[in-house]
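2 protein chains.
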Amino acid sequence: MNISTNEISEIMNWISSYGLLETGGITRLLYSQEWMDVQNGLKEKFESIGMKANFDEIGNLIGHLSGSENSEETIATGSHIDTVVNGGKLDGQLGIFGGFLAVKHLLETYGQPKKNIEIISMAEEEGSRFPYVFWGSKNLLGLANKEDVLNITDQDGIKFVDAMHKHGFDFKSDNKSSLSHVKAFVELHIEQGNALEMEEKSVGIITDIVGQRRYNITLKGEANHAGTTLMEYRKDVIQVFANIVTESINKAKEKGNPLVLTFGKINVKPNTVNVVPGFAEFTMDCRHTDGSFLKEFTTEIEEDMKRIAKDANVEIEIDRWMDEEPVPMDKNVISMIEEACKAKGLNYKLMHSGAGHDSQIIAPHIKTGMIFVPSVKGISHNPKEFTELEDLKQGIEALAAAIYKLAY
Amino acid sequence: MNISTNEISEIMNWISSYGLLETGGITRLLYSQEWMDVQNGLKEKFESIGMKANFDEIGNLIGHLSGSENSEETIATGSHIDTVVNGGKLDGQLGIFGGFLAVKHLLETYGQPKKNIEIISMAEEEGSRFPYVFWGSKNLLGLANKEDVLNITDQDGIKFVDAMHKHGFDFKSDNKSSLSHVKAFVELHIEQGNALEMEEKSVGIITDIVGQRRYNITLKGEANHAGTTLMEYRKDVIQVFANIVTESINKAKEKGNPLVLTFGKINVKPNTVNVVPGFAEFTMDCRHTDGSFLKEFTTEIEEDMKRIAKDANVEIEIDRWMDEEPVPMDKNVISMIEEACKAKGLNYKLMHSGAGHDSQIIAPHIKTGMIFVPSVKGISHNPKEFTELEDLKQGIEALAAAIYKLAY
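These protein sequence lines are chains S and H, in that order. At position 203 of the first sequence (counting the first as 1) the number is 203 in full-length UniProt numbering, and the numbers step up by one without a gap. At position 122 of the second sequence (counting the first as 1) the number is 122 in full-length UniProt numbering, and the numbers step up by one without a gap.
Just so you know, the hints here were simulated from the structure itself, not pulled from any lab data. Ideal Cβ positions, reconstructed from N, Cα and C, are used throughout, including at glycine. Honestly, I wouldn't trust all of these hints.
Stated by the list, open to error - With the C-beta cut set under 10 Å, the calculated list includes, among others, these residues of chain H facing chain S:
| id | residue |
| --- | --- |
| 1 | L107 |
| 2 | Y110 |
| 3 | G111 |
| 4 | Q112 |
| 5 | V210 |
| 6 | R214 |
| 7 | T218 |
| 8 | L230 |
| 9 | L259 |
| 10 | N271 |
| 11 | T272 |
| 12 | V273 |
| 13 | F279 |
| 14 | L350 |
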């Protein structure tokens with residue numbers, strides 16, 4: 001089996017033509033015309049290699065290849081077909097066109113598999129058009145709530161329901177999983193970080209998807225004249241913010257990987273050169289693969305924040321509005337992918353995912369694994385999103401080898 | 001001599017009626033109708049106690065009382081008549097109505113002074129209507145530049161020059177000082193900080209007005225995914241900002257008063273919860289009464305900032321756009337005010353001013369002193385600006401005692 005970089009390049013350019021922008025990026029939002037067109041294009045593509053391809057009720061596209069054992073047992077791969085606004089050519093769709101190339105070459109090299117193989121082009125993951133994420137994978141598992149999308153609209157005021165109906169799709173008629181026959185799911189995706197690049201690896205085998213806690217924190221001090229208010233009489237929120245960030249990031253660095261801690265947003269009032277700021281709101285985003293570690297660490301940081309604020313006579317409100325548990329990948333699938341990589345002589349490493357993926361929805365219900373390829377400079381959600389063709393090739397080969405082990 | 005709190009209250013309410021808002025605050029911008037009305041009102045008020053009152057070319061109002069010695073030697077007091085938008089009832093005008101009450105009671109108690117006395121209602125200090133400050137005092141000394149205001153406009157697009165002409169005023173015809181006959185100037189003002197309140201003092205005698213250095217600082221790092229970018233691969237500008245603020249404020253506190261250091265403004269990009277910020281711009285405002293100390297301290301902080309940024313692989317640009325030297329008050333005037341306070345049994349302390357005042361323009365040319373009264377909670381530039389009547393009384397008595405020593 002030899003997947004050529006030309007072939008990869010060709011199919012990537014073909015799929016990227018749906019929603020391609022002058023920037024070189026892609027905008028392909030859920031239930032848009034580009035989205036419908038690419039799904040129809042993929043249906044034909046799947047059928048061209050002898051798969052049966054059908055949409056489910058909400059618009060997930062499932063390419064099905066029957067195995068020789070005539071059983072229900074199915075091995076699945078795939079990812080999401082939607083993009084962010086002005087996104088790149090890999091986030092999401094790599095898992096679909098890469099899965100297609102893997103299956104095509106397995107068929108050409110080894111013929112019909114024993115077990116069924118499915119490639120799933122999931123309707124939506126990004127939440128870029130409507131304020132809802134994982135619409136594709138959640139529907140596959142019967143986990144999506146009709147009520148959550150019934151009244152949401154996109155930024156042009158178009159209702160979710162109307163956009164869905166426009167292409168002949170509708171809510172799932174039951175809450176049952178459409179994947180009950182799937183014995184294992186493997187998703188190929190770009191890293192969206194730079195760990196593989198920095199360690200000069202071509203393939204990452206994911207052990208866990210991180211848990212996340214996100215916070216909004218509000219500080220209320222006292223806005224005061226920057227010249228006439230002596231340091232000891234200030235209730236300076238920016239000093240409290242700075243102490244919190246400095247102390248917390250130092251602690252996070254001591255703990256080491258895979259812990260990441262980010263203070264991404266800060267707004268202060270009155271935000272002017274000659275007034276001590278009296279009000280600030282900022283965010284904190286903390287992630288780790290170990291749920292109890294994440295809880296323990298953030299609880300400690302919460303206590304630190306309260307202490308620092310109190311010492312500076314500043315009021316603090318801490319609102320933890322996101323608390324997602326980490327999701328481990330299946331141990332057997334992990335070692336199976338690792339064995340495949342070893343056998344193929346691929347340049348791989350075991351790693352965690354710091355971002356969320358469809359696999360985190362699927363993994364609690366089906367044995368799931370993920371394969372990463374490097375993102376050059378860690379850039380993603382951007383037309384500059386890029387992976388060397390040689391690395392894409394290794395990623396697709398790892399996926400093919402994994403599917404071979406599972407389905408043949 | 002006994003100045004009653006009723007009398008203070010009465011004249012304060014009278015002068016505050018010019019530009020009074022429903023908020024209880026005052027908006028009285030340079031060359032507005034309210035401004036012209038209050039200047040005309042003050043002219044009559046000055047004349048009512050036997051002073052000659054006249055405008056200079058640009059609209060400063062000077063009330064003149066001739067002394068018995070028939071010399072040119074004059075003792076002056078006063079402050080600015082303009083306010084910020086929605087300002088309080090004391091900032092600026094206290095020095096005018098307080099000066100008026102002091103002179104009125106001196107006349108009633110001791111009759112004609114030996115030296116001439118002048119009360120100056122200065123046209124402008126705040127820079128609230130046009131982007132120019134100290135228009136009043138700078139013109140008194142022949143220091144204002146016509147070119148600096150020739151093309152400036154207010155936020156409604158009205159030209160400075162047109163606003164000035166509207167009330168019959170025009171540029172000064174020469175660059176000579178109108179205060180060459182003035183032997184000493186004493187300004188009464190509110191503190192606009194809370195040092196007097198915290199130390200339970202009624203009167204502050206100013207030794208120095210602080211020097212100021214103001215900076216814009218820009219940090220360029222790299223915006224990265226908050227989940228997928230490990231801590232060691234980040235170029236996190238918010239971490240650099242936090243380290244700079246923490247380290248600098250700790251250093252400033254170690255140095256102690258009168259050093260003040262403020263990081264009042266911070267804007268980051270992209271400013272969102274799940275992205276490590278890649279760009280930040282912030283301000284630093286540093287003040288001290290000792291010019292060489294101020295220079296040495298800020299130079300050290302500049303070096304610290306560069307080091308912290310470099311250690312984090314973040315680019316830094318430091319722009320020092322304001323560098324004002326401290327202005328000492330005249331030693332003889334200071335001790336003269338102190339003797340007067342002692343003799344009157346007033347509850348005073350010696351202190352510096354952390355804010356700028358007309359006196360800093362005047363002091364390099366004329367022997368100058370300043371008297372502060374407390375600002376409750378340090379609030380200023382706000383309708384809540386407040387000083388207890390008893391403290392106003394002590395401040396006006398200190399001013400009267402000083403003028404008596406100088407002019408009688």
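How the hints compare with the structure:
About 33 Å separates the beta-carbon of L107 of chain H from the nearest beta-carbon of chain S, more than 10 Å, and the hint is not met. Residue-level restraint check for Y110 of chain H is violated (minimum Cβ-Cβ distance to chain S is 34 Å; threshold 10 Å). Hint status for G111 of chain H: violated, given a least beta-carbon distance of 38 Å to chain S, over 10 Å. Evaluation of the Q112 of chain H hint against chain S yields a violated restraint, the C-beta minimum of about 38 Å exceeding 10 Å.
The beta carbon of V210 of chain H is positioned within 10 Å of a beta carbon in chain S (closest approach about 6 Å), and the interface hint is therefore held. Taken as an interface hint, R214 of chain H checks out: its beta carbon lies about 6 Å from the nearest beta carbon of chain S, inside 10 Å. About 14 Å separates the beta-carbon of T218 of chain H from the nearest beta-carbon of chain S, more than 10 Å, and the hint is not met. At a threshold of 10 Å, the smallest CB-CB gap from L230 of chain H to chain S is about 5 Å, leaving the interface hint in force.
Look at L259 of chain H: its Cβ gets to within about 7 Å of chain S, closer than 10 Å, so that hint holds up. Residue-level restraint check for N271 of chain H holds (minimum Cβ-Cβ distance to chain S is 5 Å; threshold 10 Å). For the restraint placing T272 of chain H at the interface with chain S, the shortest Cβ-Cβ distance is roughly 6 Å, inside the 10 Å limit, so the hint holds. Evaluation of the V273 of chain H hint against chain S yields a held restraint, the C-beta minimum of about 4 Å falling below 10 Å.
With its C-beta approaching chain S no nearer than about 12 Å, F279 of chain H sits outside the 10 Å limit, and its interface hint is violated. The closest approach between the C-beta of L350 of chain H and any C-beta of chain S is roughly 15 Å, which is over the 10 Å cut-off, so the hint fails.
Going through the hint list in order, the structure does not satisfy hints 1, 2, 3, 4, 7, 13 and 14.
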